[in-house]
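A.B. asks: The chain contents come next:
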Amino acid sequence: KNEVEQSPQNLTAQEGEFITINCSYSVGISALHWLQQHPGGGIVSLFMLSSGKKKHGRLIATINIQEKHSSLHITASHPRDSAVYICAVGIYGGSQGNLIFGKGTKLSVKP
Amino acid sequence: DGGITQSPKYLFRKEGQNVTLSCEQNLNHDAMYWYRQDPGQGLRLIYYSQIVNDFQKGDIAEGYSVSREKKESFPLTVTSAQKNPTAFYLCASTASNYGYTFGSGTRLTVV
Chain A
1 KNEVEQSPQN LTAQEGEFIT INCSYSVGIS ALHWLQQHPG GGIVSLFMLS SGKKKHGRLI
61 ATINIQEKHS SLHITASHPR DSAVYICAVG IYGGSQGNLI FGKGTKLSVK P
Chain B
1 DGGITQSPKY LFRKEGQNVT LSCEQNLNHD AMYWYRQDPG QGLRLIYYSQ IVNDFQKGDI
61 AEGYSVSREK KESFPLTVTS AQKNPTAFYL CASTASNYGY TFGSGTRLTV V
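So the sequences go chain by chain: A and B. First residue of the first sequence: 1, per my numbering; consecutive thereafter. First residue of the second sequence: 1, per my numbering; consecutive thereafter.
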């Protein structure tokens with residue numbers, strides 16, 4: 001069983017739609033990261049959170065520590081949001097750098 | 001602007017050759033990491049370094065070597081002992097309690 005599960009694996013949306021990507025994990029964590037990987041391969045860190053909710057522009061990330069679950073929301077989606085979104089967790093008490101990564105959610109936003 | 005520079009973007013290796021992937025950062029981050037990405041899988045940790053002249057094996061270190069002679073630089077050598085080196089390689093860095101910064105990656109292909 002993977003320690004970090006993302007859903008859905010693939011997501012197609014129409015421009016303007018509200019999008020939710022989910023991440024569940026089975027271990028105690030120090031922090032959860034949401035990353036964005038564009039087709040060229042480079043990765044951008046979107047959020048790092050250990051509790052509550054963070055917002056940046058049209059992106060919102062939430063985490064529920066008790067339920068071991070996090071969501072990434074995109075409001076008013078746009079074709080430029082098309083990318084792979086990756087959830088990663090840092091293990092509580094683990095060595096630095098030992099992130100466990102989900103397999104990613106591939107998002108395609110159609111105009 | 002500060003960031004991580006990986007080079008080259010594409011690299012082709014013949015069977016039995018060693019190749020070195022470059023990773024340079026000007027963020028003054030102490031910790032640096034190398035990850036490997038294969039299709040349909042999450043990123044996996046190869047090596048990491050928390051300070052100069054020290055580095056630790058990750059989950060899939062066999063067939064790889066690294067050095068950390070300068071804070072800014074963390075090159076990865078893919079040796080001939082790595083039996084399946086074709087993959088996408090990502091370098092990252094972080095300062096304590098902050099999120100990760102990733103490079104744009106190097107795609108290595110064995111020909």
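No lab work stands behind these hints: they were computed from the structure. All figures in this text were calculated on a predicted structure; none of them were measured in a lab. Hints may be right or wrong, so weigh each one.
[To be verified] Not the full set, but computed from the structure, chain A residues with beta-carbon under 7 Å of chain B:
id, residue
1, P39
2, S45
3, L49
4, G52
5, K55
6, I91
7, F101
8, G102
The C-beta atom is built at its ideal place from N, Cα and C for all residues, glycine as well.
A.B. asks: What are the numbers of the hints the structure violates, in ascending order?
C.D. replies: 1, 3, 4, 5, 6
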